[in-house]
Amino acid sequence: MIVYFRLAIFVVPIGCTVLSCGRNMQQREEKQLDASVESLVTRVAHLKGSLQSFIYKLENEYDRLTWPSVLDNFALLSGQLNTINKLLRNEKTPSYKSLVIIPLLLSPDRDEELAKLTEQRVPVFSHEIVPDHLRTKPDPEVEEQEKQLSAEAARIGPEAAQKQIQTLNKLCSNLLEKLNNPRDDRDSETSALRQNKPSFNLADTNALVAAVGFGKNLSKCRPPGSVAPGHTGQAMTSAGPTMQQVTIAGAAGHQPGMSGQVTQQQPGQPGKMPSNIKTNIKSASMHPYNR
Amino acid sequence: MEAPPVTVMPVTGGAINMMEYLLQGSVLDQSLESLLHRLRGLCDDMEPESFADHELVYLLRGQQGNPFILRARRSLLKPTSPWHLRYLGQPEVGDKSRHALVRNCVDVAASHSLPDFLNEMGFRMDHEFAAKGHLFRKGQMKIVVSKLSRVHVPGNLENTEPLSLSYLVELSVLAPAGQDTVSEDMKSFAEQLKPLVHLEKIDPKRLM
Numbered sequence: 003m004i005v006y007f008r009l010a011i012f013v014v015p016i017g018c019t020v021l022s023c024g025r026n027m028q029q030r031e032e033k034q035l036d037a038s039v040e041s042l043v044t045r046v047a048h049l050k051g052s053l054q055s056f057i058y059k060l061e062n063e064y065d066r067l068t069w070p071s072v073l074d075n076f077a078l079l080s081g082q083l084n085t086i087n088k089l090l091r092n093e094k095t096p097s098y099k100s101l102v103i104i105p106l107l108l109s110p111d112r113d114e115e116l117a118k119l120t121e122q123r124v125p126v127f128s129h130e131i132v133p134d135h136l137r138t139k140p141d142p143e144v145e146e147q148e149k150q151l152s153a154e155a156a157r158i159g160p161e162a163a164q165k166q167i168q169t170l171n172k173l174c175s176n177l178l179e180k181l182n183n184p185r186d187d188r189d190s191e192t193s194a195l196r197q198n199k200p201s202f203n204l205a206d207t208n209a210l211v212a213a214v215g216f217g218k219n220l221s222k223c224r225p226p227g228s229v230a231p232g233h234t235g236q237a238m239t240s241a242g243p244t245m246q247q248v249t250i251a252g253a254a255g256h257q258p259g260m261s262g263q264v265t266q267q268q269p270g271q272p273g274k275m276p277s278n279i280k281t282n283i284k285s286a287s288m289h290p291y292n293r
Numbered sequence: 012m013e014a015p016p017v018t019v020m021p022v023t024g025g026a027i028n029m030m031e032y033l034l035q036g037s038v039l040d041q042s043l044e045s046l047l048h049r050l051r052g053l054c055d056d057m058e059p060e061s062f063a064d065h066e067l068v069y070l071l072r073g074q075q076g077n078p079f080i081l082r083a084r085r086s087l088l089k090p091t092s093p094w095h096l097r098y099l100g101q102p103e104v105g106d107k108s109r110h111a112l113v114r115n116c117v118d119v120a121a122s123h124s125l126p127d128f129l130n131e132m133g134f135r136m137d138h139e140f141a142a143k144g145h146l147f148r149k150g151q152m153k154i155v156v157s158k159l160s161r162v163h164v165p166g167n168l169e170n171t172e173p174l175s176l177s178y179l180v181e182l183s184v185l186a187p188a189g190q191d192t193v194s195e196d197m198k199s200f201a202e203q204l205k206p207l208v209h210l211e212k213i214d215p216k217r218l219m
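Line by line, the protein sequences are chains A and B. Per this note's numbering, the first sequence starts with residue 3, numbered consecutively. Per this note's numbering, the second sequence starts with residue 12, numbered consecutively.
Pulled out of the complex, with its shape left as it was, chain A reads as follows (with noise of 0.2 Å):
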């Protein structure tokens, strides 16, 4: 597009010509050029108008702009880009490989007109800047990538080549039809997926929120002799006994024994517990979940 887009800009300035191959120009193919020249050059201005105010945008407004009106942008450059390129198709175009355009006079002076033309960004047409604008060939890179991708292809042979394009059309179609198709068919059948891997299990659920909020199955006092004996790190195991009776003096009115349903957490005091305390004993192994 590059390419084109300079030609456009310096088929009209001052200094180069248009050279035939062909001896025969007639008016009729002159007039032709010069007409297809100038949608061409309109077109292009188009492109370049488009794409002026989308750099803009991007540059100016980019925390403002979201991404249906950046999308919305791309989609006209590439409707741009398409009517070039149905021109440059077009039956009326003349071919334009066939036209050479030849500089007729360099100078290193400036050209107030050709800056003018160019919005100040080519003010001399010069040696320097003549290869760039005037260059018909693609870089050297994409010259590269060409010929490889035309060594390729050329390697594939036309029947591979012909079942390769009928594949990809058919992915595209399917494609296609899965987006287009109304959501409710695809969330139909997604659910039926889901439904067969569930990932979460509700009794699991009821069996977390116990725990946490009131220690079901957690053990809560452990069973004589199942304890490893030494705990003695806690401050609470040599004064065990006279904690409780510190407790049961603060509140009004209590015998020295425990009354009710106290349930002591003594781990490694099993043989020092007075006896008329009743405990829940729970045995750790009781639990649904078999591992």
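Keep in mind the hints are simulated off the structure, nothing from the lab. Certain hints may be false.
Stated by the list, open to error - What follows is a list of derived Cβ distance ranges for each label pair:
id, chain 1, residue 1, chain 2, residue 2, range
1, B, A188, A, N176, 54 to 62 Å
2, A, V72, B, A121, 38 to 46 Å
3, B, S45, A, L181, 22 to 30 Å
4, B, E202, A, P142, 54 to 62 Å
5, B, K205, A, E161, 47 to 55 Å
6, A, N176, B, K216, 48 to 56 Å
7, B, D55, A, N203, 37 to 45 Å
8, A, E179, B, S45, 21 to 29 Å
9, B, G52, A, N92, 43 to 51 Å
10, A, E63, B, K216, 51 to 59 Å
11, A, P184, B, G52, 25 to 33 Å
12, B, L218, A, E179, 47 to 55 Å
Quick reminder that beta carbons are idealized off the backbone N, C-alpha and C, glycines included.
Using the hints provided, position chain B relative to the given structure of chain A.
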């Protein structure tokens, strides 16, 4: 010795009463990865924090009434951090249409002598468990995905056994009393986690 409900207490100044709004659910181990991916996308942009905590629940039984419950929690990954002591009140039974469980919540940090202190005060450790998992945040909301494990030998956290094959998922917000828009936000967030997890208001008393 249960604290009276928040609405009855006179407002005499001091700290604002914070309420915890809670929604709970669970996710099976095999679906944990998908849940973490989804949460990573939905939540605030920061690496999810892993944690490993040991929680001890202390009870103070008076001669009548329900026991007073305090929860002491310490981090196993950062042993030098202070302990976290939390009081959670009874869930407020008010509005049936409120989407989250609301209860009074008081949090304080405490030094490492907390277990001894509580024992001296007369509290007894009722049960303990280890919780290991990930913590996510979205604005005010905190999402905790944790695996609860039973501690066989008290004090010994090497030998723990997971309680179930699921991870507990809790969505909570700490806010001053009276802000009901919070539960609306929580509900809409919970919607986004369906059908992986169903976060709902579960009353622990129902499960007793």
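Evaluated hints:
1. Roughly 57 Å separates the CB atoms of B/A188 and A/N176, a value that falls within the hinted 54 to 62 Å.
2. Judged by the Cβ atoms, the range 38 to 46 Å given for A/V72 and B/A121 is violated: they are separated by roughly 54 Å.
3. At about 24 Å, the beta-carbon gap between B/S45 and A/L181 stays in the expected band of 22 to 30 Å.
4. In this structure the hint that B/E202 and A/P142 lie 54 to 62 Å apart at CB holds, the actual value being about 56 Å.
5. Between B/K205 and A/E161 the Cβ separation comes to about 51 Å, which falls inside the hinted range of 47 to 55 Å.
6. The hinted window of 48 to 56 Å between A/N176 and B/K216 holds, with their beta carbons roughly 54 Å apart.
7. At roughly 29 Å, the beta-carbon separation of B/D55 and A/N203 lies outside the given 37 to 45 Å, and the hint is violated.
8. A C-beta distance of roughly 28 Å is found between A/E179 and B/S45, which places it inside the suggested range of 21 to 29 Å.
9. A C-beta distance of roughly 49 Å is found between B/G52 and A/N92, which places it inside the suggested range of 43 to 51 Å.
10. At about 56 Å, the beta-carbon gap between A/E63 and B/K216 stays in the expected band of 51 to 59 Å.
11. Distance hint for A/P184 and B/G52: a CB-CB separation of about 26 Å, consistent with the stated range 25 to 33 Å.
12. With their beta carbons about 49 Å apart, B/L218 and A/E179 fall inside the hinted range of 47 to 55 Å.
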